[in-house]
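Participant: So the sequences go chain by chain: A and B.
The first sequence maps to residues 1 to 255 in this note's numbering.
The second sequence maps to residues 1 to 141 in this note's numbering.
Just so you know, these hints were derived from the structure itself, not from any lab.
Keep in mind the model is a prediction, meaning the values are calculated, not measured.
For every residue, glycine included, the Cβ atom is placed at its ideal position computed from N, Cα and C.
Misleading hints may appear alongside valid ones.
Simulated pairs of lysine to any residue, SDA-like, Cα-Cα distance not exceeding 20 Å [as the list claims (entries may be wrong)]:
no.	chain 1	residue 1	chain 2	residue 2
1	B	K43	A	S157
2	B	K76	A	Y107
3	A	K213	A	Y107
Covered stretches of chain A (in silico footprint by chain B; criterion: 3 or more residues with CB under 8 Å from a CB of chain B, positions within the stretch not fixed) [unchecked claim]:
no.	region
4	122-134
5	192-198
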Amino acid sequence: MSSEVFEGLKSALDGFGTLLVEWFLAALNPVRKCHSLLAIKSEAERIRKTLNLWAVSFLVSLTVFLPLYVYYGIGLSSLEFHLPVFLFLTLGIIGCGFCLWLSLRIYGIHATFSDVMAIYTAYVMCYQPLLNLFSYFVYFRFFGVLAAVKAQGLDLSQAAHYFHVQSISLAKSPDFIYFGSRLSSWILLPLGCVSSALMAGTVAGRYSAPREKSFSAVVFATMILVPLVVVIQGMLVAFTEYVFISAKGSAALPH
Amino acid sequence: MKNSTNLVSLAVDSVGIFVGMLGWMFMVWGPLILALALCYLAKTPTATSNVLLIFVSMVIIPFGLLLKWLSNGIIKRGWVRIILSASVLILLGIRLGFAYSPIGIRGGQSPFERHLMGIELLSAAAVVILGLTRAARCSGE
């Protein structure tokens, strides 16, 4: 019995190791990874590979955020927290992929949904751990304010007002966390533009579409459609964090 | 499917994407955010707030359209539109980017010095954009 468990564990670790290496290579060369995903003939297989890539990316990004979660009282064993967050983020990816697909259709490029998902995952969601790393300061402060909101038992409108007041007071007396978050957003903006340019270039190449059309479609999706999905997804994730966060974490706020 | 991306053209395309995003920002989110801010400040829509909203929208929506047109110009590597968009970015940067940055405020600089810093940094950025575009065109030929 124990040898069966050992063998099962070994094969699971081997499988995960392979996926981890695959993700690492994809992050190093997203263009090659994207093209290899697009080269897969079967749509189901392409989506399966895409979701594998996303799952590993999620696990790595979870590891990046784990100290922050533990600091605010959410351990690795809190499956009732991690599972909904994974679900919301995955639905967010599907939603963003749908927005991109819809935008391409609006601009007259008839891309398949699996292609769009593969392109979006390879160029954007593969870098979720990097995004988490750059957002560390923002999340540290965000969790602090969220914990304070929970400790004070504020309702939604009061919480929104509290966030507004906190952001004004932080801007008046900026500390290194404030500057860190500003710096991160300045770094993330060009990275986002590069990812969008890669997506648009790949779509134009694959569907032999005019470059202006594919670029306009990607910009339209990024600026108009995707924010709507991101806001809904962000609120769902924030609510889950609110439910599970420990109120003691508000000590992270400046006094 | 050919992989036509080299680093220089990718950088130029990214600038094109950025300008296009700014265009949509001015066309859609600008008026919307302004309307929300006016609602928040005035509580109920008044004649003054409506006139202000319409007046500002009449300026920023065409400006957004102009940015979108410039963005397409960068993607197509059109020289006139690239020079125009670099100039617009410089003007925008002076007004929005650096003039009110918290680093500038903390540094105790005068508004003139902060504007000057904006001009210098964005002029440098414009030179880089133009240089990259030129290089992208040369590598494509």
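Participant: State for each hint whether it applies.
Facilitator: For each hint, the structure was consulted:
| no. | hint | in the structure |
| --- | --- | --- |
| 1 | K43(B) x S157(A) | 16 Å, holds |
| 2 | K76(B) x Y107(A) | 17 Å, holds |
| 3 | K213(A) x Y107(A) | 6 Å, holds |
| 4 | 122-134 | violated (count 0) |
| 5 | 192-198 | holds (count 5) |
The earlier numbered hint that this structure contradicts is number 4, and it is the only one.
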